[in-house]
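Enquirer: Top to bottom, those sequences are chains V and H.
Quick note on numbering: the first sequence equals residues 1 to 281 in the working numbering.
Quick note on numbering: the second sequence equals residues 1 to 284 in the working numbering.
Think of the hints as simulated: they come from the structure by calculation, not from any bench.
Remember, predicted model here, so these are calculated numbers, not experimental data.
Check before you lean on any hint, since a few could be wrong.
[To be verified] Just some of the chain V residues that point at chain H, by a computed CB distance under 10 Å: (1) Phe-18; (2) Gly-60; (3) Val-94; (4) Phe-96; (5) Glu-97; (6) Arg-99; (7) Pro-108; (8) His-139; (9) Ala-152; (10) Arg-155; (11) Ala-156; (12) Leu-159; (13) Arg-253.
[Unchecked claim] Derived DEER-like restraints, expressed as beta-carbon distance ranges: (14) H:Ala-116 x V:Gly-193: 30 to 38 Å; (15) H:Glu-172 x V:Gln-19: 18 to 26 Å; (16) H:Arg-109 x V:Thr-250: 49 to 57 Å; (17) H:Ala-138 x V:Gln-19: 28 to 36 Å.
Backbone N, C-alpha and C define an ideal beta-carbon position, used for all residues, glycine too.
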Amino acid sequence: MTAPEAPVVRISGIDKQFQAGGDVITTALSGIDLEIGRGEFVSLIGPSGCGKSTLLRLIGDLTAPTAGTVEVNGKPAHAARMGREYGMVFQAPVLFEWRSVEDNVKLPLELLGMSRSDRDTRAREMLDLVELGDFARHHPPQLSGGMQQRVAIARALALQPAILLMDEPFGALDEMTRERMNSEVLRIWQQTGTTVVFVTHSIPEAVFLSTRVVVMSARPGRITAVVDVPLPQPRNDETREDARYFRVVTEVREALRAGGGLGGEPALASDERLAAEGGIG
Amino acid sequence: MTAAASSVGVPVPPPPRRAGRIGRTVRHYLPALAVLVTMIGLWELLIRIYQVRAFILPAPSAIWAALVDNWGAGRWPLFVSAQTTLFEAVGGLIIGTTVGVVIAFAVARWANARDAVLPFAVAANAIPIIAIAPIFNAWFGVTNPLSKMMIAALLVFFPVMINVTRGLTQVEPSAIELMRSYAASEWTILRKVRLPNALPYFLTALKVATTLSLIGAIVGEYFGGSSTVIGRVVVQSASALRFDVTWAAILLAAVTGITFYMAVVALERVLIPWHSSVRGEEPG
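Start from the sequences, fold in the hints, and give me the full structure.
Expert: Shown next as C-alpha cells:
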C-alpha cells in the first residue's frame, strides 16, 4: 500500500434499532465506528445476534441506520449502491436456475447495460477466474454447492466492484470444501485487489483470510476489539500450521470471550435469549 | 478423464444413438400399455361370459363400434360435438387464465389489492359450479357458447390466480437483496426474477386448468344449449338408452382432455426446459 488514501468504507456513530412489534425495540447495533482501507480483507466475527450481518447490510445500503453515517468510496452508501459499486455474496448462492452459469454471471452486466460482446468477454474472464470456464453452459442445479458459490463470487466480481461484501458465504459447505474455498477467495482477492468485508462464525476462517478481524459482542451489538493479522502473504496450507497463526486465533478467541461471545452456553438467536432472560427476571 | 482414457487406447463408449433412445421410451411406456390391453381384454371377456346388459356396461367392442358409427353423422355426431366442447373449454381457459393472471399481478404488487380481492376470489371458488351453471346460461344466453366459456372460466380462474400470485411473491429474500445491491428497480426485479420464477407455477396451474375447463364446459352443456356438444350427447343418448354412444362420448371427452393436457406439457417443455419438472420427466 502506498501513501495514506481515503478509506473505502467509513462508518461513524452507527446505531441500528428494530421495532420488534408493538413497543418492543431491539438495539441491533450501538455506537459503531469503523474504517476499512483500500485492498483490505476485513472479517466481522461475533456471536449470533451481534449484528454482524446487519452491519454488512448497512455498508451495502440494504438497510438504513437509525443514527450515524456510512460512506463508501467517499460518498453515502446509497449513492454507492446506485453507482453499482458493490458485489454481494450470500450464504446461499442465489443463482437463478432458469439461467445458465454464464448467464447468471452476466446478470449484473445486463443491468448495467453493457454490450453483448463485452458481456461475453467479461463473463468468460470471471468464470476463468473462479476456474469454472468449462461449466459456462451448465445450469446451477448441475453443480456442487462449492461450485455454485464460486459462480456467485464470479457474478459478484463481474462489475469489478469497489467492495465485495460476503455474508457467511461458506457457512453451508463442509469443512474440506470450505478450506479449499478459503484459499480460492484469497487467490482471487490477491489477483483482483478488491476490498473485502467478510462475515463469519468461524475463528480459523476469519484469521486465515483477513488482514484485520473485527470482534463484536451482542446486545447491543458493538465492536469490542479489532485484531490485526500480521501473517505474511500469500497464505496457504502452511499458514494454517504456523505458530503465529495459532497466536492470532487465540487472540481472537480471547477477545470474543472478553466480549461475552464464548460463554460456553449454546448460542441462541437474540430474540430467544432475550425472552429467556426476561423469563428468569 | 475421457481424454486420458482414449489416449491409452481404451475405447470411449459411443454417444447414445437414436434407436437406443426410442428403445428406452418404449420400455418406459410398456408396463402401462400392457395393463391397458389386459384390462380391455378382461372387460370384453367378462361382459361376454356373464352377458352383462348394455345399459349397465357395454363391451369395449360395442363402444368402439358406436364411436365409429357416430363419428361424423347421425343423431349424435361425436366429432363435431367434441370439437364444439373443446372450443368452449379453450375459450373458458383463455378468459379464466387472463383474469386470473391480471388479478395475480395486482395482488402480488399491492397489499391493498390483496385485501380487497382475495375474499371474493375465495367466495367465487366456494360456489358449487353445478349450482351456478343454470344462472350463467341465463345470463350469457343458453345457446351462446360464451355461457359455457364463462362457467369454465369461473373454474379455471382460482387455481391460476393463486398459483401465479405464489410464483410472483415466493422469491428468495436474498434474491431480492441481490437485485437491490445492483440498484435494480421493482420493474427490473419483476422482469428478471419474479416472472421467470412464476412461470413453473403458472404452467402447473394451466395443466390443472385444462381438465377444469372441460368439466366446466360439459356441466354447462347439461343445462341446455346446442345439441351437438359432448354434454348433450351424454344426456340424450343415456335417456335414449344408447349407452354405447354415451360411453363413446365419455371416451372422446377423456381423449380430448388428455390431448389438451399434453399440449400444455409440450408448452412447458418449450418455456421452462430448465425446470426440474421438465428435466425429471425425460425418460432415461
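Enquirer: Check each numbered hint from earlier against the structure, then list the numbers of those it violates in ascending order.
Expert: 1, 13, 14 and 17
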